[in-house]
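There are 2 protein chains.
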Amino acid sequence: MEETKMNLSSFSIRLLAEDDCKDLIRLIKDLAEYERIPFGPKIDEKVLRKDGFGERPFYHCFVAECNNKELGSGIVGYVIFYFTYSSVEGRSLYMEDLYVSPQYRRCGIGLALWKRVAQEGIKNECFILNFAVLKWNTSSIEFYKKHGATNVTETDGYHIFRLQKNELYRFTEN
Amino acid sequence: MEETKMNLSSFSIRLLAEDDCKDLIRLIKDLAEYERIPFGPKIDEKVLRKDGFGERPFYHCFVAECNNKELGSGIVGYVIFYFTYSSVEGRSLYMEDLYVSPQYRRCGIGLALWKRVAQEGIKNECFILNFAVLKWNTSSIEFYKKHGATNVTETDGYHIFRLQKNELYRFTEN
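Here the protein sequences come in this chain order: S and C.
Be aware that the first sequence starts at -12, since it is given in this note's numbering, and climbs by one per residue.
Be aware that the second sequence starts at -12, since it is given in this note's numbering, and climbs by one per residue.
Any copy, or any two copies together, can satisfy a pair, since identical chains are not distinguished.
Derived PhoX-like pairs (lysine-lysine); straight-line CA-CA distance at most 20 Å:
#1 110 - 152
#2 152 - 102
#3 29 - 9
#4 -8 - 56
#5 132 - 152
#6 29 - 152
#7 110 - 37
#8 133 - 152
#9 29 - 16
#10 110 - 29
#11 102 - 133
#12 33 - 16
#13 102 - 132
#14 9 - 37
Since the hints were derived computationally from the structure, they do not count as laboratory data.
Note that this is a predicted model, so its numbers are computed, not measured.
Only chain S is shown next, with the shape it has when bound in the complex:
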């Protein structure tokens, strides 16, 4: 039997549905492992349902679903994004995660997910798309740069600062 060739037509890109949150948390855990995040994600399926499908959604998400039984089934990639704002540029977009399961890479799913976010941005008059990449992740950096992205940390000296949970509480209590 001939081996099924994996290509983009075997996958559909669509918005996350509430019942996909079980699959989404599985992929989020895979990504956290890949990014070497100690202890993994602090959220679970229940939180994803509450935060993405309440009155005010805190995030939006596109998923890639495999629709070729020979290649597997279910959700194999996702991208989380949300709308942001810049006092210089106005409406902007932030891409939080872009992840495709290792066995489904190299056929354009990641690119297709990223493009859907960019299209969603333009549709909503957001003309800047920001995202973070860990500096050791050279293969991702190469991929993003190839498609026109600039490292503004390097070009503009743009550094991200953070108040973590404990510091945030301490700060508000003083």
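Chain S is fixed; fit chain C onto it per the hints.
The following block gives chain C in isolation, referenced to the frame of chain S:
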């Protein structure tokens, strides 16, 4: 006549009202100049009204208003923020701008504005507060670090990448 001493009690911190957008754009322009942004902000008062007071607000904003006639009047500082999301941490907050007019500095207005954002985060179950600082802005960095902030670009290698308007269009068209 004794000189009026400037202290925090001469100012009130409150949410931006739609009619404050004229004052807000003035301060945004001042900040853009301070941050040496070429050509200044691409948005104007009309855009601020549309984006902050429509069906889906793209940003939130607290302002500091002077209520002591001897010290001046009107809005002298602001902080823009919005809700974000992390697949590791869940609900988060991003502080876009924190600005106080030079003549009203050193009496705690900036700190009070920042604290209001942090409190708003905790109220909404957001336990991470992120913000960008330009790496040459050493006085701000010192201020933020003193209050518990960490530079995650340095500690975690967290670099920000961006698709600018032209690249964003080109990307979605291919």
